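One line per chain: the protein sequences are A and B, in this order.
According to full-length UniProt numbering, the first sequence is numbered sequentially starting from 1.
According to full-length UniProt numbering, the second sequence is numbered sequentially starting from 1.
Quick caveat, the hints were computed from the structure, so don't treat them as lab data.
Owing to the predicted nature of the structure, the values given are computational and were not obtained by experimental measurement.
Positions of the beta carbon are idealized from the N, C-alpha and C atoms, including for glycine.
Among the clues, some could well be false.
Claimed, not checked - If you want the footprint, here are the derived chain A segments under chain B, 3+ residues with CB under 8 angstroms: (1) 246-252; (2) 306-316.
Said to hold, decoys possible - Covered stretches of chain B (chain A as the covering partner; in silico rule of three or more C-beta atoms under 8 angstroms from a C-beta of chain A): (3) 1-7; (4) 13-27; (5) 55-61.
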Amino acid sequence: MAANRVLVPLSDTVTVRQTVDYAVRSGLEDADELECHLVVALPYDEEMPEGRTQAEEAEELLSRARNWAEEDAGDAEVRIETAALGTDEYLFGPRDYAEIFASYAREREIDRIVLDPEYQPGVTARILQPLERELDRRGVSYDEAPVDRPARHGRLVTGGQRFDQLFATFWISFGFYLVLGDPFYWFDIVTGVAVGGIVSTTLAQVTFSFPLDRVRSPIRVGRFILYIPYLLWEIVRANIAVSAVILRPSMPIEPTLARVNARVRSGLPLTALANSITLTPGTLTVRADDQRLLVHTLIPSAREDLFDGGLEKAIRFVFYGREAAGAIASPRERDDADVVGGDEL
Amino acid sequence: MIETLRFWAAVALLGLGVFFTFVSTVGILRLPDIYSRAHTASQTDTLGAGFALAGVAVAFGWRNVTVYTVLLLFFVFVTNPTAAHAIARSAAETGVEPLLADEGDETDAETVADGGEKR
Numbered sequence: 001m002a003a004n005r006v007l008v009p010l011s012d013t014v015t016v017r018q019t020v021d022y023a024v025r026s027g028l029e030d031a032d033e034l035e036c037h038l039v040v041a042l043p044y045d046e047e048m049p050e051g052r053t054q055a056e057e058a059e060e061l062l063s064r065a066r067n068w069a070e071e072d073a074g075d076a077e078v079r080i081e082t083a084a085l086g087t088d089e090y091l092f093g094p095r096d097y098a099e100i101f102a103s104y105a106r107e108r109e110i111d112r113i114v115l116d117p118e119y120q121p122g123v124t125a126r127i128l129q130p131l132e133r134e135l136d137r138r139g140v141s142y143d144e145a146p147v148d149r150p151a152r153h154g155r156l157v158t159g160g161q162r163f164d165q166l167f168a169t170f171w172i173s174f175g176f177y178l179v180l181g182d183p184f185y186w187f188d189i190v191t192g193v194a195v196g197g198i199v200s201t202t203l204a205q206v207t208f209s210f211p212l213d214r215v216r217s218p219i220r221v222g223r224f225i226l227y228i229p230y231l232l233w234e235i236v237r238a239n240i241a242v243s244a245v246i247l248r249p250s251m252p253i254e255p256t257l258a259r260v261n262a263r264v265r266s267g268l269p270l271t272a273l274a275n276s277i278t279l280t281p282g283t284l285t286v287r288a289d290d291q292r293l294l295v296h297t298l299i300p301s302a303r304e305d306l307f308d309g310g311l312e313k314a315i316r317f318v319f320y321g322r323e324a325a326g327a328i329a330s331p332r333e334r335d336d337a338d339v340v341g342g343d344e345l
Numbered sequence: 001m002i003e004t005l006r007f008w009a010a011v012a013l014l015g016l017g018v019f020f021t022f023v024s025t026v027g028i029l030r031l032p033d034i035y036s037r038a039h040t041a042s043q044t045d046t047l048g049a050g051f052a053l054a055g056v057a058v059a060f061g062w063r064n065v066t067v068y069t070v071l072l073l074f075f076v077f078v079t080n081p082t083a084a085h086a087i088a089r090s091a092a093e094t095g096v097e098p099l100l101a102d103e104g105d106e107t108d109a110e111t112v113a114d115g116g117e118k119r
C-alpha cells in the first residue's frame, strides 16, 4: 500500500501542537504508512542577523515538532522529515510562501498540505487566507487542521496600554497638524482632531511596538530634547575636523573599520545610537548585528571619539537616566572596541 | 540697526552653509572609496543644510514658516543617516572592500586577497 505523504508548515503558534497531531492522525486514517514532512519557512535569509536568530528558533521548533509527531504516531509506520525552507532567499508575502511549499511538495510527491489555522511565519500579520488562495491557484490540495483555539486577545497589549498608545499617537499627530496649520483657526483645530483620530486608531499599534510608561516615556522625550544640543555640538565638531582633513592638500585620512559592542538595548535606543554615529561625519555605521556595530571611521580623532563612547553615554542618558550614563565605562575601557580588518564585513 | 544685523547674520549663516556644501563636494571628488565618500556626503546634509536652513529661519524672523525650517532640519537629520547607512551596507553586502589604512601587514594582505577574490 502506498504511503500517504503530508507536508506541515510550522510556526510558533498556540495551535501548532494540535496541527501536528491532526496531520499525523488524518494521514494514518486511510493508509498504514505515513511520511510526515515538518517544515519551517524562514522569511529572512540566513545572512542577516534576524535570519540567524530565526534559524535557531526554527531548529528548536522542528525538534519539538518531531517529538510531537513521534508521540502521535505511536506504533504506526511514520517517517518524519524536518526541513527549514527559504534559508537562502528573502520571502515576501503569501505568494513566496505558497511557491516554496508547492515546489517542496512537488519534489517529494507530497499530495497534501496540512495548514495551521493560526499559521504566521516571521513577524508579519497572519497570512492564512491569501496563502490558501495562492495554493489553490497552484492546484495544491491543502487541509486546515481543526483546532480549538483560546479566545484571541490583542497580544502583549492590555487595555490601558492600548489607551496610552492611542493617546500618545493622537497628540503627536494633532500637534504636528497644528504646527503645519494655524493653531488659532477653528477649522484647522476641527480637521486636526479628525486627522489625529484617524491616524491614532489606524497607526497607534505600528507607531509604538513597545509598551509606553506614563511617567518614564515623557521623561525620555524631555531627555531626548536635552540630547539634541549635545548631538549638534558633536556634529559641528566632527564636521570641522573632517573638513580640515579634506581641504588639506596632503589629505591625511586613515580609514579603518572598528567594531564596537554597544551597551544599549536593541530597537529604538540602538537605532538612535547607530544613526547618531552615522550623523557625525568621520564615523559611519556599516553594519549593526544586534549590539555589535561595525563602524567605518575616516580619521583617527573620530575613531578616538567613538571609542571614548560619548554618544553611547548620551543615548544611555536619554533612555535609562543619569545613573546609567554615569555608571558605564567607555567602550575602550571595557574592551568592547577594536579595530578590525576588511574581511569582517 | 536690528534689521542690518539680521541681514548679515542670515548672510553669514548661508555662507557657512555654502562653505560646508563646498567642502563636501571636494571630499566626494577627492576621497578614494564609497565608504569614505559616504562620510563627507553627510556633511552636506548636516551642516550644509543646517546652516542654510538656519539662515532661512533668521531671514524670515519669528513666523510660522520658521517652524517649518526646524521641521525640515529634523527630517533631514532623520533621513540622512538612514540613507548613508543603506549605501554603506549595500556596498558591504555586494562585496565592495573598503580601502583601509595600514594596520600591520596582516590585515592589509587579507584585504588585498579578499578583494581579488570578489572582483
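- Enumerate the violated hints, using their earlier numbering and listing them in ascending order. Of the numbered hints given earlier, those the structure breaks are 2, 3, 5, listed in rising order.
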